[in-house]
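A.B. asks: Read off the chains here:
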Amino acid sequence: MKHPLRTLALACALAFTPACASLQLGGTQIENPVAAARTLDQRAYALLHAYAAVIEEATDIVRDPAAPLAFKRALGQVERVATPAAETLQIAVTAYVGARADFEAATDASQPALERAASALTIAARRLGDAIDAARAPVSELEDLVRARRG
Amino acid sequence: MLNLMLQLQLLLAALSAFLPLVPPEHLTRAAEIIDVAAKALAAGGSIGANLDDLAAKLSAVRAEVEAMAVAGRAVTSEELDAAMVRVRSASAAFRVALETAEAAGQ
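Protein chains in written order, with our numbering: chain A, 24 to 174; chain B, 2 to 107.
Here chain A stands alone, though its shape is the one from the complex (with noise of 0.2 Å):
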C-alpha cells in the first residue's frame, strides 16, 4: 500500500459519511410562538417573548467582537423601532385586559353599562390588533438578522 494514510482517513471518512448523512444538517425549527396563540392576549404575549428572546441573541452578536460593526449598528437601526413597538404593543394589550375585565364585570350591570363595555372592549381590541402587527414587522426583520448571522 503506497500510502497507508491517505487510505486510512478516506476509509474514516467514508465510514462517518452515513452517519452524517443520517443527521439533519440544518435542522434545527426556529419556532413561531405567535402561531400558536389563539387570543389576541396570547399572540401579544407570545410576541413580547419572542422579541426578548431575539433582542438576548442580537445582544451576545454584539458582544461578539468577530461581528462587523455595520451589522451590530444594522441590528442597532432594528432595535430602536422594534423596542418602542413592544412598548406600544404593552400598553395596547394591557387596555385590552382591562376591557375585558370590565366587561366581564358588566354581564350583570344594566344593558348601557354593558353596551358601554362591549364597545370599550372592541375598540380595544382592534387597537390591540394593530398593535400586534404593528410589532411584529420589525421583530421579523430583526430575527431574520440574527438568523442571518447565526445560520
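It should be emphasised that the hints constitute simulated quantities derived from the structure, not laboratory data. The C-beta atom is built at its ideal place from N, Cα and C for all residues, glycine as well. Check each hint, because a few of them may be wrong.
What the hints assert, rightly or not - The calculated lysine to any residue pairs, modelled on SDA-like cross-linking and capped at a C-alpha distance of 25 Å, are:
hint: 1; chain 1: B; residue 1: K58; chain 2: B; residue 2: A83
hint: 2; chain 1: B; residue 1: K58; chain 2: A; residue 2: T62
hint: 3; chain 1: B; residue 1: K58; chain 2: A; residue 2: A90
hint: 4; chain 1: B; residue 1: K58; chain 2: A; residue 2: V104
hint: 5; chain 1: B; residue 1: K58; chain 2: A; residue 2: P27
hint: 6; chain 1: B; residue 1: K58; chain 2: A; residue 2: D156
hint: 7; chain 1: B; residue 1: K58; chain 2: B; residue 2: A68
hint: 8; chain 1: B; residue 1: K58; chain 2: A; residue 2: T111
hint: 9; chain 1: B; residue 1: K58; chain 2: A; residue 2: A160
hint: 10; chain 1: B; residue 1: K58; chain 2: A; residue 2: A128
hint: 11; chain 1: B; residue 1: K58; chain 2: A; residue 2: D83
hint: 12; chain 1: B; residue 1: K58; chain 2: A; residue 2: R61
To be verified - With beta-carbon atoms standing in for the labels, derived distance ranges:
hint: 13; chain 1: B; residue 1: A93; chain 2: A; residue 2: A97; range: 40 to 46 Å
hint: 14; chain 1: B; residue 1: A68; chain 2: A; residue 2: E110; range: 22 to 28 Å
hint: 15; chain 1: B; residue 1: A83; chain 2: A; residue 2: D156; range: 20 to 26 Å
hint: 16; chain 1: B; residue 1: A104; chain 2: A; residue 2: R139; range: 51 to 57 Å
hint: 17; chain 1: B; residue 1: L22; chain 2: A; residue 2: A93; range: 44 to 50 Å
hint: 18; chain 1: A; residue 1: A160; chain 2: B; residue 2: E79; range: 25 to 31 Å
hint: 19; chain 1: A; residue 1: P88; chain 2: B; residue 2: E79; range: 37 to 43 Å
hint: 20; chain 1: A; residue 1: A141; chain 2: B; residue 2: A83; range: 25 to 31 Å
hint: 21; chain 1: A; residue 1: A141; chain 2: B; residue 2: R74; range: 20 to 26 Å
hint: 22; chain 1: B; residue 1: A83; chain 2: A; residue 2: R61; range: 19 to 25 Å
hint: 23; chain 1: B; residue 1: S78; chain 2: A; residue 2: P88; range: 36 to 42 Å
hint: 24; chain 1: A; residue 1: D131; chain 2: B; residue 2: S78; range: 30 to 36 Å
hint: 25; chain 1: B; residue 1: E79; chain 2: A; residue 2: R61; range: 17 to 23 Å
Said to hold, decoys possible - If we take Cβ atoms under 10 Å as the criterion, some of the chain A residues that face chain B in the derived model are:
hint: 26; residue: A58
hint: 27; residue: D64
hint: 28; residue: A67
hint: 29; residue: L71
hint: 30; residue: I84
hint: 31; residue: A109
hint: 32; residue: E110
hint: 33; residue: V116
hint: 34; residue: T117
hint: 35; residue: A128
hint: 36; residue: A132
hint: 37; residue: P135
hint: 38; residue: L168
hint: 39; residue: V169
Take the given structure of chain A and dock chain B to it, following the hints.
C.D. replies: Below, chain B alone, put in the same frame as chain A:
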C-alpha cells in the same frame, strides 16, 4: 447540528491519533491542517450552540402559549408585566453592548 459537530470533532480526533504515521517531512503540514480544521469546527459549534439557544427559547415560549391556548386561559396582567420587564431588560443590555462595541470600534 451539535451532534454533527460532535461527530466531526471525534473524527478529527481519530485522525489526529494517526499523525505519528505521517512521514516526518509532512508532519508539520498535516498538524497545521488538522489544527485549522479543529478551529473551524469549534467556531461552527459555537454558532450552532447559539442558534440552538434561540430555538430553545422560542420553543419554550411556544410551549407555554400552546398550553394557554389548549386550556383556554387568558393571559394575566402579571404575566404581561413580566414579559415586558424581560423586553426592557434585554433592550437595555443590547444598547449597552452596542455602545461598548461602538466605543471599541468593533
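A.B. asks: Would you mind marking each hint as holding or not holding in the structure?
C.D. replies: Outcome of the hint check:
Under the criterion of a C-alpha separation no larger than 25 Å, the hint pairing B/K58 with B/A83 is consistent with the structure, at around 16 Å. Taking the CA atoms of B/K58 and A/T62, the gap is about 21 Å. The hint holds against a cut of 25 Å. A threshold of 25 Å between alpha carbons decides the hint, and for B/K58 with A/A90 the separation of about 22 Å falls inside it, so the pair holds. Straight-line distance between C-alpha atoms of B/K58 and A/V104 comes to about 22 Å, which keeps the hinted pair within the 25 Å bound.
For the hint pairing B/K58 with A/P27, the CA-to-CA distance comes to about 48 Å; that exceeds 25 Å, so the pair is violated. A distance of roughly 22 Å separates the Cα atoms of B/K58 and A/D156; the hinted pair therefore holds under the 25 Å criterion. For a cut-off of 25 Å, the pair hint linking B/K58 to B/A68 stands: about 16 Å separates their Cα positions. Between the alpha carbons of B/K58 and A/T111 the distance comes to roughly 23 Å, so the proposed pair stays at or under 25 Å and holds.
Under the criterion of a C-alpha separation no larger than 25 Å, the hint pairing B/K58 with A/A160 is consistent with the structure, at around 20 Å. With a C-alpha separation of about 36 Å, the suggested pairing of B/K58 with A/A128 is violated against the 25 Å cut-off. At roughly 14 Å between alpha-carbon atoms, B/K58 and A/D83 fall within 25 Å of each other, so this suggested pair holds. In summary, the hint linking B/K58 to A/R61 is supported, as the alpha carbons are separated by about 20 Å, within the 25 Å threshold.
Taken as a hint, the range 40 to 46 Å is violated for the pair B/A93 and A/A97, whose Cβ atoms sit roughly 20 Å apart. As the Cβ distance of B/A68 to A/E110 is approximately 26 Å, the hint placing it in 22 to 28 Å holds. Between B/A83 and A/D156, the C-beta spacing of about 23 Å keeps the proposed range 20 to 26 Å intact. Separated by about 54 Å at the C-beta atoms, B/A104 and A/R139 satisfy the suggested range of 51 to 57 Å.
Checked against the hint of 44 to 50 Å, the pair B/L22 and A/A93 passes, with Cβ atoms roughly 47 Å apart. Take A/A160 and B/E79: their Cβ atoms lie about 28 Å apart, and the range 25 to 31 Å holds. For the pair A/P88 and B/E79, the beta carbons lie near 39 Å from each other, so the given range of 37 to 43 Å is met. In this structure, A/A141 and B/A83 meet the distance hint of 25 to 31 Å, their C-beta atoms being roughly 29 Å apart.
Under the hint 20 to 26 Å, the C-beta atoms of A/A141 and B/R74, about 22 Å apart, fit the expected range. Restraint check, B/A83 to A/R61: a C-beta distance of roughly 21 Å satisfies the suggested window 19 to 25 Å. Evaluation of the 36 to 42 Å hint for B/S78 and A/P88 yields a pass: the beta carbon distance comes to about 41 Å. The hinted window of 30 to 36 Å between A/D131 and B/S78 is violated, with their beta carbons roughly 22 Å apart.
At roughly 20 Å, the beta-carbon separation of B/E79 and A/R61 lies within the given 17 to 23 Å, and the hint holds. About 8 Å separates the beta-carbon of A/A58 from the nearest beta-carbon of chain B, less than 10 Å, and the hint is met. The interface hint given for A/D64 holds, since its Cβ lies 4 Å from the closest Cβ of chain B, which is under the 10 Å cut-off. At about 7 Å, the closest approach between the beta carbon of A/A67 and any beta carbon in chain B falls short of 10 Å, and the interface hint on this residue holds.
Taking 10 Å as the C-beta contact cut-off toward chain B, the hint placing A/L71 at the interface holds, the least distance being around 4 Å. The closest approach between the C-beta of A/I84 and any C-beta of chain B is roughly 8 Å, which is under the 10 Å cut-off, so the hint is satisfied. Interface hint status for A/A109: upheld, as the beta-carbon distance to the closest one in chain B is roughly 5 Å, under 10 Å. Annotation: A/E110 was flagged as interfacial toward chain B, and the flag holds, the nearest CB pair being 8 Å apart, inside 10 Å.
Evaluation of the A/V116 hint against chain B yields a held restraint, the C-beta minimum of about 6 Å falling below 10 Å. Among the interface hints, the one on A/T117 holds; its C-beta lies about 6 Å from the nearest C-beta in chain B, closer than the 10 Å criterion. A distance limit of 10 Å between C-beta atoms decides the matter here; for A/A128 the minimum to chain B is near 14 Å, and the interface restraint is violated. Interface restraint check for A/A132: the shortest CB-CB distance to chain B comes to about 20 Å, outside 10 Å, so the restraint is violated.
Hint status for A/P135: violated, given a least beta-carbon distance of 26 Å to chain B, over 10 Å. Restraint check, A/L168 versus chain B: the minimum CB separation of about 12 Å is more than 10 Å; hint violated. Given hint, A/V169 at the interface with chain B, holds; its Cβ is 7 Å from that chain's nearest Cβ, closer than 10 Å.
Of the hints listed earlier, those the structure fails to meet are numbers 5, 10, 13, 24, 35, 36, 37 and 38, in rising order.
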